[in-house]
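Enquirer: Each chain is listed here by its residues.
Number of protein chains: 2
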Amino acid sequence: MGRWEPNARERLATAALELYSERGYEQTTVAEIAKRAGLTERTYFRHYADKREVLFDGTGGLQDLFVNAVAGAPASAAPIDAVAAGLDAVATVFVDRGEHSRKRQAVIVANAELQERELIKLASLSAALADALRRRGVREPAASLTAEAGIAVFKIGFERWVAATGEGTLAEAMRESLEQLKALTAGG
Amino acid sequence: MGRWEPNARERLATAALELYSERGYEQTTVAEIAKRAGLTERTYFRHYADKREVLFDGTGGLQDLFVNAVAGAPASAAPIDAVAAGLDAVATVFVDRGEHSRKRQAVIVANAELQERELIKLASLSAALADALRRRGVREPAASLTAEAGIAVFKIGFERWVAATGEGTLAEAMRESLEQLKALTAGG
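In order, the protein sequences belong to chains X and L. Its first residue numbered 1, the first sequence is counted upward by one per residue in my numbering. Its first residue numbered 1, the second sequence is counted upward by one per residue in my numbering.
Simulated from the structure, these hints should not be mistaken for lab results. Quick reminder that beta carbons are idealized off the backbone N, C-alpha and C, glycines included. There's no promise every hint is true.
[What the hints assert, rightly or not] Now the in silico label distances, taken between C-beta atoms and shown as ranges:
| id | chain 1 | residue 1 | chain 2 | residue 2 | range |
| --- | --- | --- | --- | --- | --- |
| 1 | L | Ala-49 | X | Ala-75 | 48 to 54 Å |
| 2 | L | His-100 | X | Asp-50 | 33 to 39 Å |
| 3 | X | Glu-167 | L | Thr-165 | 30 to 36 Å |
| 4 | L | Thr-165 | X | Glu-172 | 32 to 38 Å |
| 5 | X | Arg-135 | L | Arg-97 | 30 to 36 Å |
| 6 | L | Gly-137 | X | Glu-22 | 25 to 31 Å |
| 7 | X | Val-109 | L | Ala-164 | 24 to 30 Å |
| 8 | X | Ala-183 | L | Ala-106 | 46 to 52 Å |
| 9 | L | Ala-77 | X | Gly-58 | 39 to 45 Å |
Can you build the whole structure from these sequences, using the hints too?
Expert: Structure, rendered in structure tokens:
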């Protein structure tokens, strides 16, 4: 990444989301994304493997944040509470990102390929969470079940936050979803 | 499907699973599957859209079974108990299918494309379950959260049943997973 291309990665991601929102994902080419960002196609492919990946730039960092928060929860914390700490940590990333998240979600929901990629990212996040829980001494299947429950809360909480523009934070939406899941599995 | 091709669908599915297990998914062609089943490639594509779909033949029926059991649960049943009834119904399909399920799971785990397709099928099952719960009068986000919890139990219960050959039924594995999820979300 040379000096002559400052923030190429971010510029490409911003340009891609703009174009996908304006014209649709299928109708947009990598050449157009690169042009809008003032860069070349070659630079695009130095940063992203394909047209989809540019929308998932943040997921690696998100996963690290989630996993580190789970690992860093007090040793006495129950597995579900360690996951709750992870959800809180993840939510901080989305403060002031409501508009961006809404746009991105609309693009993903409109395209089956993108939904597939999202499912894969969530499955990978779930596996990483289960791994983090096992390293805390949680056994199987408790680790995998808690991780899957955490992903369910993340997914539903996120969807609700995106749908309810400007009403509360993602952290609140996820905490509410977790409380509801607890009530529901209590048989309530 | 003419009389001259009795059970073509099942024969193709059996041949595909055999070949995928013996040679690997990537190393097997549709022509080879058709040949092993004593049928033509053309017949294959009349039944299955691609090389992946043949492994997911039963998922539509499974989804109907799951959804119908949720719909048919007593009106007084809590959402999670309606889902538990669905899990019980689904488990009946797998009685005496342990060997087949193990083979199929091994093929899927070994290939990223197949894992993707599996994730999509599970997401579709989750959406259908949430829909069935809403038709029972369950509101959002409770319907989606309960559906996701049900899928988590199905997934983990299934994996454990497949891993623990010959020890108990799928119904037992899923009931155990559900009990564990309840204990875990109770903060235990």
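Enquirer: Can you give the numbers of the hints that this structure goes against, from lowest to highest?
Expert: 3, 4, 6, 7, 8
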